[in-house]
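Engineer: The primary structure of each chain is shown beneath.
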Amino acid sequence: MPADIRKLIVQVDETRREMGRDVNPPTRRALAMAVIANPFAGRYEENLDALIAIGEELGALLGDKCVQALGIQPGQAHSYGKAAIVGEAGELEHAAAILHPKLGAPLRKAVEKGAALVPSAKKQGGVGTAVDVPLGHKDAAFVRSHFDAIEARVADAPRANEIVVAVAVTDSGRPLPRIGGLQVHEIQGVDGLR
Amino acid sequence: MNLIDIRRVFTQVEDIHHEGGPRAAQPLRRGAIAAVLTNPYAGRYEPDILPMMEALNPVGLDMARRLLAAMAVPAEAIQGYGKGAIIGAAGELEHGALWHVPGGYAMRELLGWKGDAAAYAKGISSGGQSGNALAIVPSTKKVGAPGTTLDVPLTHINASYVRSHFDAFEVRVPGAPKPDEMVLILAMSCGARVHARVGGLAADAIAKWDGQR
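Taken in sequence, the protein lines are chains A and B.
Quick note on this note's numbering: the first sequence kicks off at 1 and runs consecutively.
Quick note on this note's numbering: the second sequence kicks off at 1 and runs consecutively.
Take these hints with a grain of salt, some might be off.
Said to hold, decoys possible - Restraint ranges, calculated between C-beta atoms of paired labels, are given here:
#: 1; chain 1: A; residue 1: H185; chain 2: B; residue 2: A202; range: 53 to 63 Å
#: 2; chain 1: A; residue 1: N24; chain 2: B; residue 2: T149; range: 23 to 33 Å
#: 3; chain 1: B; residue 1: A207; chain 2: A; residue 2: Q76; range: 46 to 56 Å
#: 4; chain 1: B; residue 1: P22; chain 2: A; residue 2: E88; range: 18 to 28 Å
#: 5; chain 1: B; residue 1: R44; chain 2: A; residue 2: P101; range: 32 to 42 Å
Hint data in this document are derived by calculation from the structure and do not stem from the laboratory.
Even glycine gets a Cβ: it sits at the ideal position worked out from N, Cα and C.
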């Protein structure tokens, strides 16, 4: 069964200046969020396959929405991340079922390649709860300039029987990165780390 | 001194399919755009702040255009609008008031308002529908810390009393405004609340074309 989506939200956060300095080109981070019904709210369900399928569906939908909002080709994406907020009548494991087994593959397709782990966060919460979605470079997790986080929050969700699922994609790292470490031009992109 | 120094631009577009009731055939699309700017008057009392109001005119137009593009709909699809400002703690509420004119007219111009601003301000109406975006753009403003939320009111673009279109859009830019910044916001919507059913003036019953009814 496809996800019962109540709301779909897409944000773009563009930083043009930081500490009085131009950021050239501006950094841009897109965030797509779906507010969905939790089919297992209010009860313990052993088999979470339905949520795993929803994760696969949303990996494609939200990944595409982000790339579209940035107006880039998939290969121009730099970093990504994912997160979920489970409403009060659900269970943390419901977020795990959406995020971990199958969401990654379609998301990687949306951004082309994606050798690196998709960093994630999850929590339970009430209406208006925020989650900090971790961000890491899609092809090499150790790229230091791209370690970041973007805050995801829906003012009227999750209701008790809902889940907020968030996917973030950027076309850039932090605004003024200068703490060294592995650089984008040094990426080998084979093992997902370097 | 350059009065306009934009640090960040934040856009949000949402599709509301339902809110526990029947699924809408056409989901309600709402969008907001927020620009994070340096407040040139932060940290002191400046008697003459009007130069900033003038300088904000092109900012408003650019934001309105960007918002419409992000919403991916033609101007004719916009049915509701609103605006707002969040002023960082080293500023003053009055700095937010600078947004009333440039924010409002930017959106109204984009949506097809063709009136004479001076005549309109005096309440002179030519009768009939003189264009679109006849209604005042509702607004809120406040002084706040980084990450403060602002509920931006929304009303119908042609008649403020259309009850199905009274709404509000919560806008919040994580990390902004810093004390010496301000967040200026425009919001638009493509329709009524998703399960609107409390009667009152309906959009298809607008008759006076005076911006209210």
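Engineer: Against this structure, judge whether each hint is valid.
Structural biologist: Going through the hints against the structure:
Distance hint check: the CB atoms of A:H185 and B:A202 are about 60 Å apart, consistent with the given range 53 to 63 Å. Between A:N24 and B:T149 the beta carbons are some 31 Å apart, a value that agrees with the proposed interval 23 to 33 Å. For B:A207 and A:Q76, the hinted distance range of 46 to 56 Å is satisfied, since their beta carbons lie about 51 Å from each other. Remark: the range hint 18 to 28 Å for B:P22 to A:E88 is upheld by a beta-carbon distance near 25 Å.
Our hint of 32 to 42 Å for B:R44 and A:P101 is violated, since their Cβ atoms are close to 57 Å apart.
Taken one by one, the earlier hints fail for this structure only at number 5.
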